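There are 2 protein chains.
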Amino acid sequence: MAKEVTNKQENYSQWYNDLVVKADLAENSAVRGCMVIKPYGYAIWEKMHDQLDRMFKETGHVNAYFPLFIPKSFFSKEASHVEGFAKECAVVTHYRLKNSSDGKGIVVDDDARLEEELIVRPTSETIIWNTYKGWIQSYRDLPILVNQWANVVRWEMRTRLFLRTAEFLWQEGHTAHATEAEAIAETEQMINVYAEFAEKYMAMPVIKGRKTANERFAGALDTYSIEAMMQDGKALQSGTSHFLGQNFAKAFDVKFATREGNLDYVWATSWGVSTRLMGALIMAHSDDNGLVLPPRLAPTHVVIVPIYRNPEQLPLLAEKILPLKKELEARGLAVKFDDRDTVKPGFKFAEHELKGIPVRIAMGPRDMENGTVEIARRDTLEKKTCPMNEAVEKVVALMEEIQDHIYNKALEFRKANTHTTDSYREFQEILDKGGFIMAHWDGTSETEERIKEETKATIRCIPFDTPEEEGKCILTGNPSKRRVLFARAY
Amino acid sequence: MAKEVTNKQENYSQWYNDLVVKADLAENSAVRGCMVIKPYGYAIWEKMHDQLDRMFKETGHVNAYFPLFIPKSFFSKEASHVEGFAKECAVVTHYRLKNSSDGKGIVVDDDARLEEELIVRPTSETIIWNTYKGWIQSYRDLPILVNQWANVVRWEMRTRLFLRTAEFLWQEGHTAHATEAEAIAETEQMINVYAEFAEKYMAMPVIKGRKTANERFAGALDTYSIEAMMQDGKALQSGTSHFLGQNFAKAFDVKFATREGNLDYVWATSWGVSTRLMGALIMAHSDDNGLVLPPRLAPTHVVIVPIYRNPEQLPLLAEKILPLKKELEARGLAVKFDDRDTVKPGFKFAEHELKGIPVRIAMGPRDMENGTVEIARRDTLEKKTCPMNEAVEKVVALMEEIQDHIYNKALEFRKANTHTTDSYREFQEILDKGGFIMAHWDGTSETEERIKEETKATIRCIPFDTPEEEGKCILTGNPSKRRVLFARAY
Numbered sequence: 001m002a003k004e005v006t007n008k009q010e011n012y013s014q015w016y017n018d019l020v021v022k023a024d025l026a027e028n029s030a031v032r033g034c035m036v037i038k039p040y041g042y043a044i045w046e047k048m049h050d051q052l053d054r055m056f057k058e059t060g061h062v063n064a065y066f067p068l069f070i071p072k073s074f075f076s077k078e079a080s081h082v083e084g085f086a087k088e089c090a091v092v093t094h095y096r097l098k099n100s101s102d103g104k105g106i107v108v109d110d111d112a113r114l115e116e117e118l119i120v121r122p123t124s125e126t127i128i129w130n131t132y133k134g135w136i137q138s139y140r141d142l143p144i145l146v147n148q149w150a151n152v153v154r155w156e157m158r159t160r161l162f163l164r165t166a167e168f169l170w171q172e173g174h175t176a177h178a179t180e181a182e183a184i185a186e187t188e189q190m191i192n193v194y195a196e197f198a199e200k201y202m203a204m205p206v207i208k209g210r211k212t213a214n215e216r217f218a219g220a221l222d223t224y225s226i227e228a229m230m231q232d233g234k235a236l237q238s239g240t241s242h243f244l245g246q247n248f249a250k251a252f253d254v255k256f257a258t259r260e261g262n263l264d265y266v267w268a269t270s271w272g273v274s275t276r277l278m279g280a281l282i283m284a285h286s287d288d289n290g291l292v293l294p295p296r297l298a299p300t301h302v303v304i305v306p307i308y309r310n311p312e313q314l315p316l317l318a319e320k321i322l323p324l325k326k327e328l329e330a331r332g333l334a335v336k337f338d339d340r341d342t343v344k345p346g347f348k349f350a351e352h353e354l355k356g357i358p359v360r361i362a363m364g365p366r367d368m369e370n371g372t373v374e375i376a377r378r379d380t381l382e383k384k385t386c387p388m389n390e391a392v393e394k395v396v397a398l399m400e401e402i403q404d405h406i407y408n409k410a411l412e413f414r415k416a417n418t419h420t421t422d423s424y425r426e427f428q429e430i431l432d433k434g435g436f437i438m439a440h441w442d443g444t445s446e447t448e449e450r451i452k453e454e455t456k457a458t459i460r461c462i463p464f465d466t467p468e469e470e471g472k473c474i475l476t477g478n479p480s481k482r483r484v485l486f487a488r489a490y
Numbered sequence: 001m002a003k004e005v006t007n008k009q010e011n012y013s014q015w016y017n018d019l020v021v022k023a024d025l026a027e028n029s030a031v032r033g034c035m036v037i038k039p040y041g042y043a044i045w046e047k048m049h050d051q052l053d054r055m056f057k058e059t060g061h062v063n064a065y066f067p068l069f070i071p072k073s074f075f076s077k078e079a080s081h082v083e084g085f086a087k088e089c090a091v092v093t094h095y096r097l098k099n100s101s102d103g104k105g106i107v108v109d110d111d112a113r114l115e116e117e118l119i120v121r122p123t124s125e126t127i128i129w130n131t132y133k134g135w136i137q138s139y140r141d142l143p144i145l146v147n148q149w150a151n152v153v154r155w156e157m158r159t160r161l162f163l164r165t166a167e168f169l170w171q172e173g174h175t176a177h178a179t180e181a182e183a184i185a186e187t188e189q190m191i192n193v194y195a196e197f198a199e200k201y202m203a204m205p206v207i208k209g210r211k212t213a214n215e216r217f218a219g220a221l222d223t224y225s226i227e228a229m230m231q232d233g234k235a236l237q238s239g240t241s242h243f244l245g246q247n248f249a250k251a252f253d254v255k256f257a258t259r260e261g262n263l264d265y266v267w268a269t270s271w272g273v274s275t276r277l278m279g280a281l282i283m284a285h286s287d288d289n290g291l292v293l294p295p296r297l298a299p300t301h302v303v304i305v306p307i308y309r310n311p312e313q314l315p316l317l318a319e320k321i322l323p324l325k326k327e328l329e330a331r332g333l334a335v336k337f338d339d340r341d342t343v344k345p346g347f348k349f350a351e352h353e354l355k356g357i358p359v360r361i362a363m364g365p366r367d368m369e370n371g372t373v374e375i376a377r378r379d380t381l382e383k384k385t386c387p388m389n390e391a392v393e394k395v396v397a398l399m400e401e402i403q404d405h406i407y408n409k410a411l412e413f414r415k416a417n418t419h420t421t422d423s424y425r426e427f428q429e430i431l432d433k434g435g436f437i438m439a440h441w442d443g444t445s446e447t448e449e450r451i452k453e454e455t456k457a458t459i460r461c462i463p464f465d466t467p468e469e470e471g472k473c474i475l476t477g478n479p480s481k482r483r484v485l486f487a488r489a490y
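Residue numbers (this note's numbering), protein chains in the order written: chain A, 1 to 490; chain B, 1 to 490.
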């Protein structure tokens, strides 16, 4: 194979990076920490975008667009928000360049210094709530259910393609409500939307739960998250939904006349997922041959490869293949006929596997004689000969089968690598092998931090669906009422 | 009417601004020169985005994403490009803030100064060609047909919503080719795509042509544009497509092995349209009652308003209206049933007219008795009573009729306000009234600049479809071989 991928067991981190780069998903740019999302990677992101956008609209949301820049002073208005976000960020201080005096280049023009510095948005709560102040006077103006698709910048020191980059693409929902209950219901609805997207489209099982106070979004009263297990047993936080209470309404003085004629501060939520999901998708399913994409997010569902010895055979094969391609397309599938004559079939097979195309159909002279094709699944690498006239139904059915199989495989993997323990020593052993741990915790930030220092594990969430259970904290032995989810995380 | 719009004849500029703000399309933000695109404005932009994106993909392009930031030194590499773009721009100089020593706010951390300043992209040729260097080795890697949807920033001193803002949304295509002829064909193809979009979807007739050297994109060998006439007779450049020659390939040293085994620099094009199209759409068709939207870009095609005296009548009307709504939706139309009981029908009518919804259906008790509805067109403001059982077909047909009528009206207007003259005095008189002028020009930049100084008119383009014609320059009397298009412009 031309582009060899590092073995996953040997070096998981290098395996991931190889996949991203060699499958043409993304690469590092000339700008520190910023990535270039290449066409194939962007095509997958577009599929995610389109499906999420549909789900947001089905739940009553509309899109809008707010400025890239935020005045520095806005960040000081919400005390905990500034601690969380305003520190590591890109700061615009000038608005003009000029020719340097030696004539050899351009320099910043000191006469063009901004009166107030502008921050490239790391998240948009402040600029949006400053805007909502003008939109909301009465309960009749509520709810506001707005989402934004945008780029944001957080000056990360250690970056990894998709997982942690200085600039990334995301969506951020920002809603405004008349009551606390309605805002909480929205926060719950959106974490459910994210979970449904992760499971049904990304084929990635997730655990929904509440973050501890330590891990909450800066400025939120409550943060819900979905957590997925990667193939090294580590957790990847894949989406968050925040109940912001009246914090931002108070910071930006956004009050409304209630139905009863009083004045009250508006209730808020915000929620987001980002191109980080690309990292999750890659790490959840792929293998040493390359990407494994769930059909619902694959830009190409089927690739058809003609096998021939001499060039005269190609048109004869094409005569059979093109109608098949058309029929598959009529069933809603994206199909590619790979008739390149510059590379051999083996090279093509490896390339299509690297790129995670769910189904490959091969057809050679023998197949033509027998009226068959060879159908190969990317997920299991199984190959089967199939009568030509059954191929369309077979491939259509395979899309659902593959989607389900990838999901179930990931779910089985998570089950096999999720442990319940009451021993701190075992806790540490499990972490070193990789996996999720359900363990008791005494509910204090101090304990949470000590466990993090000693084991590098964090409380990923307090899952919504774990039952109450009396127990003793894994570290301190103090009483606990329910197990929480511990793991090392990306 | 609740939200009165300034009369167009009285104050065209205020009329435009009123429409943008009162129809809830956009508003100025707290950040100088940056706008907030409100949900209704964004919904129209999404329709533009989706249609353009389809057209780009049909012509073989794929999307990708490149960094927001560009190292300052990149701009110095293409000499004319830096003059055109790098001067008025947002400059990132620091990457961290810290608490101020008085504890009262946050300040820029001087220890976190960037080694090299980063420019927020005003356009992406430099960062993209620096990236293409890694993608292109041989003719087999060509062509590259990439488009990017992104935000860009140009530090404009005088801004106007949609027409000229510091930050705006756009798409920028950047293609790479093995031959000059192929790059020129691409440049032509894309100006044709833009013209088709403007005419078929925006219902806005445009003139295609070549820019003069003075008006070329900074770094291009040739710039094509589409120019549209606004209702004040001024021109609005609505899209540009640039043949960049080998300029950027030379600046970033992007060479490829040709089929013949030589090394050559790669040929380039770039092309873009922006949220400026929103301004063009508004100004091309709207009237004193508000927006007039072409059906193909209207987020809502039909609004249905029930007319009733007492609340008991509403459910009876709804019983008739909801099946009608469903039938219209089954025909692919976006339909809104405006059953708000907090405002009167007259208020609703005015609001729907302000927002440019192409068709309004009203139904009252009398209509129920007679089995009719009232159908009103937004473009002509005509109202007609129509049998209920013919309503669906009527409305579906109206969509095409309105789309065509808006286009034809704009075309008639442009014809009526386009003049041919050989007298410089008449030239100036026409400009003062507003309109396009086809006049002779001697082909020199000096003449072009003098005309601009004296009349504020620029050469919008040298139209592709004007015949050769011997004549004398309108200013200097020097010989000229063809008329060019002059106008004052946005």
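Hints were generated in silico from the structure; no laboratory data involved.
Computed from a predicted model, the values in this text were never measured in an experiment.
Check each hint, because a few of them may be wrong.
It does not matter which identical chain is used: a pair holds within one copy or between any two.
Calculated cross-link-like contacts (lysine to any residue; reagent style SDA-like; alpha-carbon spacing at most 20 Å) [what the hints assert, rightly or not]:
{"no.": "1", "residue 1": "K87", "residue 2": "P143"}
{"no.": "2", "residue 1": "K98", "residue 2": "E115"}
{"no.": "3", "residue 1": "K98", "residue 2": "L114"}
{"no.": "4", "residue 1": "K47", "residue 2": "E58"}
{"no.": "5", "residue 1": "K47", "residue 2": "V62"}
{"no.": "6", "residue 1": "K87", "residue 2": "E117"}
{"no.": "7", "residue 1": "K77", "residue 2": "L221"}
{"no.": "8", "residue 1": "K200", "residue 2": "Q51"}
Hints versus structure:
1. K87 to P143: Neither. Shortest intra-copy (32 Å) and inter-copy (43 Å) distances fail the 20 Å Cα cut-off.
2. K98 to E115: both (19 Å within a copy, 18 Å between copies)
3. K98 to L114: The answer is both: 16 Å in one copy and 18 Å across copies each meet 20 Å.
4. K47 to E58: Both, since 17 Å and 17 Å are each at most 20 Å.
5. K47 to V62: Answer is both: 19 Å inside a copy and 13 Å across each meet the 20 Å cutoff.
6. K87 to E117: This pair counts as both: shortest intra-copy Cα distance 13 Å, inter-copy 18 Å.
7. K77 to L221: within (16 Å within a copy, 50 Å between copies)
8. K200 to Q51: Result: close within a single copy only, 11 Å intra versus 28 Å inter.
When held up to the earlier numbered hints, the structure conflicts with hint 1 and nothing else.
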